[in-house]
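A.B. asks: Next come the chains, spelled out residue by residue.
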Amino acid sequence: MSRRRNIALALVALAVPLLFAMVGFAARPRRPTPWLEAARVQSRCLLPRERMRYEHMVHLKALRDRVVRDGVRGGPPEGLSACQSCHARRAQFCDRCHAQAGVTPDCFACHAY
Amino acid sequence: MPDGSPSEPPSGSRRQRLRPDRALLARVLDSGGEDLRKCMQCATCSSVCEILDGNAPGPRKEMLWAQWGLADRLVSDPNLWLCHQCGDCTRRCPRGARPSDVMAALRRECIAFYSFPRAFGRWASGPTGALLSVAIAVLVLLGSSVLWQSLGAASIELGLPGERAVFPFWTRLPHWLLGGLFGALLAFDVLVMIRGAKHLWLNMSAAEGKHGSHPVGPSLRVAASRILFHDDFASCSASQARRTHHLLVVFGIVALGLTSAWAFTARWNPLLGGVVYPFSLWNPWKLMANLGGVSLLLGTSLMMWERWRRPQTAGVTRASDLVLLGLLLLVGLSGFASEGVHWLRIEPLRYAVYVCHLALVFALILLLPYSKLAHVVYRTVAMVYAEHAGRRGFGRQQHDQASQGKVQP
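As they're listed, the protein sequences go chains A and B.
Counting from 1 along the first sequence, just add 9 to a position and that's the residue number in the numbering used here.
Counting from 1 along the second sequence, just add 6 to a position and that's the residue number in the numbering used here.
The shape of chain A in the complex, shown without the other chains (with noise of 0.2 Å):
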């Protein structure tokens, strides 16, 4: 019975306090989502929505490594000047996001967007 007794604690302190956590968690105020402005129509982007959202940085480091550390020019035009040609304006809609996620990318210390 005490091995019984043992597990039934084990168990209680592990779930009591992740139940707390995850109702808080359910509970947690939350801020709407960004509205963002609409990319100009008949606009295709580089990769489906779902993955710019989280991949697009990785995209311009990549693109960075390559033309200025590797020294290849030439491709298709996927930087920032791309980017600007269907998402206009750099208020209505990357700091937008940047800003609610609490980043700060120093991209635009010398880009101009």
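Keep in mind the hints are simulated off the structure, nothing from the lab.
Among these hints, one or two may not hold up.
[As the list claims (entries may be wrong)] Covered stretches of chain A (in silico footprint by chain B; criterion: 3 or more residues with CB under 8 Å from a CB of chain B, positions within the stretch not fixed):
id	stretch
1	11-24
2	29-39
3	53-67
[As the list claims (entries may be wrong)] From the derived model, a few chain B residues whose C-beta atoms are all more than 12 Å from chain A:
id	residue
4	D27
5	P221
6	S231
7	L234
8	S243
9	T250
10	D406
Please read these numbers as outputs of a predicted model, since none were measured by experiment.
Each residue gets a CB set at the ideal place from its N, CA and C atoms; glycine is no exception.
Chain A is fixed; fit chain B onto it per the hints.
C.D. replies: For chain B alone, kept in the frame of chain A given last:
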């Protein structure tokens, strides 16, 4: 093997025709019970067994039935499933007939007998079938991915507005496809296992030939609490550590299953809106999944260690045991690997590892009703039936008598 109807229950005066299954003996000898023929019916095993009821003892009679090939009696015998393979009988057997391993081999037969379709069950219960199930899983995932793209369903899903949990979203295996595939497979598993459980219950009651003495509801409650705390493992004197190992695996899988169910509904569950991956490591769901994964890895590694270092008490390890333990271990390892490479965003390795993990989980779910994993259902049914029929193991009978003695002055 004969079909679902068991032979008439043994009774004193009535004559009975035995319907032996000649192939059964060969299969049992071949799948872990190779020492079965050494049994001389001394019943040492039955007298040392703490877990089976002394009024319906075992595993002596199961050894005899197996030698004679009485498959219809074996598949309707609750003792087969009440046995937790603790190895007490094997340790004390004067002939080295390894009754606990024979019982394990008979359980394998029982799973194949109650599975549907039975031919697939028999095939999947072997090591080749288990390994090929992983290949089937890979083919199904790849094939459905190609089909899904060509039907245009992926682009429909991508075009829909609204919030969604995005990461790790992969357009080759989008969430709708995964939800549909895994959901359909799980539903099929549940149907197969309900069918098997029903037949097992009916056959056990028919073999007993009388109605149980306790109502089913309370029996279910008692059995559930015994399962929750793994009480029956405690009656083993040969190996006490097995209880801890099995608890680790069970609660690890429960935690991982809960997390999967939550992640699966996150997109539609109004309580969970605005979920954005990746979570922080301190997110409670993430924490629970990681703890569950560690528990699963620890439990399966300890089980493998036990089988390797102490084969006398852990039982004969057949290829199908190793395949299943290995599959569980690989599911845990590939899960953590997938988490790691997603965290580090290593392209395109993270998608490759993700597919490996998905294929392993798919194979595990595919094998659920056909492998040793089916004991989740059949042992539960047998334990509820034992409570219902008033069968109680020796240790519990003693405990009952002691507690009655306390109540009555």
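A.B. asks: Now, for every hint given, state plainly whether the structure supports it.
C.D. replies: Hints and how they fare:
1. 11-24: holds (count 6)
2. 29-39: holds (count 6)
3. 53-67: Answer holds; 8 residues pass the 8 Å Cβ test.
4. D27: 41 Å, holds
5. P221: 24 Å, holds
6. S231: Label violated. Min Cβ-Cβ 9 Å, cutoff 12 Å.
7. L234: 8 Å, violated
8. S243: S243/B clear of chain A: closest Cβ-Cβ about 14 Å, beyond 12 Å.
9. T250: With a cut-off of 12 Å, T250/B comes too close to chain A, as the shortest Cβ separation is near 9 Å.
10. D406: 14 Å, holds
Comparing the model with each earlier hint shows violations of hints 6, 7, 9; every other hint is respected.
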